[in-house]
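Chemist: First to last, the protein sequences are chains A and B.
This note's numbering puts the first residue of the first sequence at 1, with every later residue one more than the last.
This note's numbering puts the first residue of the second sequence at 1, with every later residue one more than the last.
To be clear, the hints were calculated from the coordinates, so they are not data collected in a lab.
Remember, it's a predicted structure, so these values are computed and weren't measured experimentally.
Check each hint, because a few of them may be wrong.
Far from chain A, some chain B residues (derived; all Cβ distances over 10 Å) [what the hints assert, rightly or not]:
(1) 9
(2) 131
(3) 240
Covered by chain A, according to a simulated footprint, are these stretches of chain B (three or more residues, beta-carbon under 8 Å) [said to hold, decoys possible]:
(4) 88-102
(5) 216-229
Don't be surprised by glycine CBs; every beta carbon is placed ideally from N, CA and C.
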Amino acid sequence: MLMGLIVLSAMGGLARGEGGKVRATASADRIGLENTVTLDITIEGSDAAGAEIVEKPSAPDFRLIGGPNVSTQFRFVNGRASFTKVIAFSFMPLKTGRLELPPVKIRLDGQVSRTEPIPVEVVAGSVSPSSPSGRSPFGTLDPFDTDAEAGTPADPGDDLLLRLESPGRAVYVGQPIPLDLVLYYRVRIGGADLEKEGKFEGFWVETVELDPRDTSRVGRREHNGRAYNTQVLRRWVLFPLRSGRFDVDPWILRVLVETPTQSFFGMTRRQVVLRRTNSITINVMDFPVVGRPAAFNGLCGRFDIRAGLDKSAVATGEAATVRLIVQGEGNLRSIPEQKLMEIPGCKIYAPKVQDNIRLEGGTLRGSRTWEFVVIPLEAGMFELSIPELSYFDPGSQTFRSVNSPAMKLNATGDRVTGTGAGNIGGFNMPIEMKGRDIRHIHTGSMLEQKPPERLYRRPWFLAIFGLLVLVTLGAVAIDERRRYLQRDQRSWTRSRAAVQARRDLRACAALGRKGFSAELFDGVYRLLQNYLQARFGINNLELTGVRLRQVLSSHQISETATADLLDILQQCERYRYAPTVAETVLPQELLARLERLLRVMEGGRP
Amino acid sequence: MKRTVVFAWLILGLLVVWVAAAVPSETPASAGVRLYGDGQYDAADRAWRQAVQAAPGNAELYYNLGCAAFRRHSLGEAMLYFQRACWLNPGHTDARYNINHINRISVDRVSQNPPGVPQIIRDVLVSWLGVDGISGLMLGVFAIICLTGWYALRVRDLPQRRTAGWIFAVTLVLGVASAILLWGIVVRDSSVSEGVILTRQQDIRSGPSQSHPVLFSVHEGLVVELVARTEGWRQVVLPNGWNGWIPENQLGVVQSFDLPVSAPPAGKK
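Turn these sequences into a full structure, and let the hints steer you where they fit.
Modeler: Put into structure tokens, the structure is as follows:
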């Protein structure tokens, strides 16, 4: 304890003008680039509780990664009370060398004081903490920890490392480099999560999906002569995109370290520490100039090419398929688009591309397939050849070229006319939509027309509906009446006779208006004759008084009406056959009698 | 001699009149077509506006006005004219296509319920037959109903009567369907009122004045239902049910023959 205080006072920077009340200390005076350092501001005194940070400290050489974390302590020793407040900041160095932790401004009792900057030596890699006062800014979580007297637990230092590991540091452009993010540890780990993800500038990155059940991720390795437990956290395959020296951006991991304590309850002390990856530089070399083929397109790895036709003989206009496969390992995704050599008289369509690529053994393996549809437009023997594929083999550090023998396609039949852009020989190609637009304006005489009013708004439209209804109802009514009358023949006959009699009566009335004439009596006689025949079935020969009385009485016609009828008939006959001796009768009187008679005979009142 | 000269002048005058009458003069509608073809969309717009004054119910003129407005990048106006063409001629397939095209490129995406089956059937039949076609169909079907009904009542022969009864039943169903369809069109023609937002961006307020808070903003080309009206303001309902007030001069009414004041940007064709 005493030694600790001596060291602290030796390392610490006292605040100006505040005597020993405010003190700044660093957790270590020598750290590695991969370690962190804690800056503690300790304020002592009865008014320490009111102390506060004016502004967060910042320094160009350090990155503030945690804090302020505040802890307070009250002690009562030998009858004297003391109060201590500790404000902690956690920093990560950004470079090596002799650096300074920044000063911190504290407000205490209304006065602002400033601590002194604290020098810290930063070396490459990771080192064990040189100061016994090294402690985590996050403190202890065990209130019964007996070590609490000695301060917060020490940083595990070299016992916990985060490393980026790669089997090679010098590669060619496009050559795959496997890269692992590995945690080395000799302490108990409670958990870890990423604080900062690094970037891989200058590389195309393929991330390998790690299986959590894969036991090969966990193991034991040696580093700087010390054995560690290791766990691979991430795995990538990097493909350099250009030549040059590339520093891989550091990754920072937040690790929960668990340390067993001497407490009565056997609890563990937990602290969170940050770990940064080692700096790693990859030297990407350009391809040699000597021996570089003209067709070389930056492909790096080992590849093979093969091609085949699905049929060797077709009719003109019929489609054949060329399947071209490039397989191997390396930057397969960078394989340039393959083409078939153009042949006159043969139409070659854009290929359909299919990939079967997987990450395996720290590189990409698999194949890429192109399927070309070829349609011969005329008869003949066509030789289909593919261009040579050149690549750089980093194993032998030489350029290689591969090719596939030409394929022969025999076409027979008539020449196919047309440009070949459309449907040839039943080979359907989907129409490609290249753009969208509104439809064009309308032209012609319809622009000049004044549109008529809508049909349903015109009056005659509704009138036709009404007319249809009326006509239909009228037709139905007429039919029904006729049917009704036909059901009763007697009524039908009677009705027809009455109708005819009324019609004849109107004709007689017209004659009567002209004056007294033979035609009038003739008309009246014929009216009665027709009526009697139609109504009672008495024909002309039966028109005698006896017969009439007999028939009419059988039809319940009164004697008076019968007598009246006979009188009118006799009058008519007299006038027709002996006009000179006939009585003078006024036509109106005759017609009125006739009308009255007909009404009586139809069953009405006289 | 003097009489001969007068007679010659008279003949010459008649000849000039006859030639002038015989030479076909360019109508505003055809002038619009020519100007549109030349890429002079502003001038075409003016010509068709003039033509539409003479024939306000001509759907084709509104369709062409919509095309000209679209070419002038005035989506709101274009939408208004295409909607109006559809209102005047519900079977105007080109106008419907252009409406869909504007909906694809316009700013506002308002969720709305998809049309129901009756509405789809109505739209298909109207686009296929036209309003007058449906009216004529209804009239014809009604005549057949009357005829077959009368015949079914008249005939005594049972097979004939049964045949007539079937024809009567089928035509009755057709008649009722066409009547419902026509009724729907008539109701829509007379009751629905729609508007189109004409300004690039327009705030919709909670009440009919600038002092009311802004509820949301809409953009040109959005079709809204017009509900109420006060002095200079219209209450609008969006297809998703949102409701607010907008200055009347910022929207065009579909079911009218009014032409919005077109102000094409200078320098643009």
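Chemist: Hint by hint, which ones does this structure get wrong, listed from lowest number up?
Modeler: 2, 5
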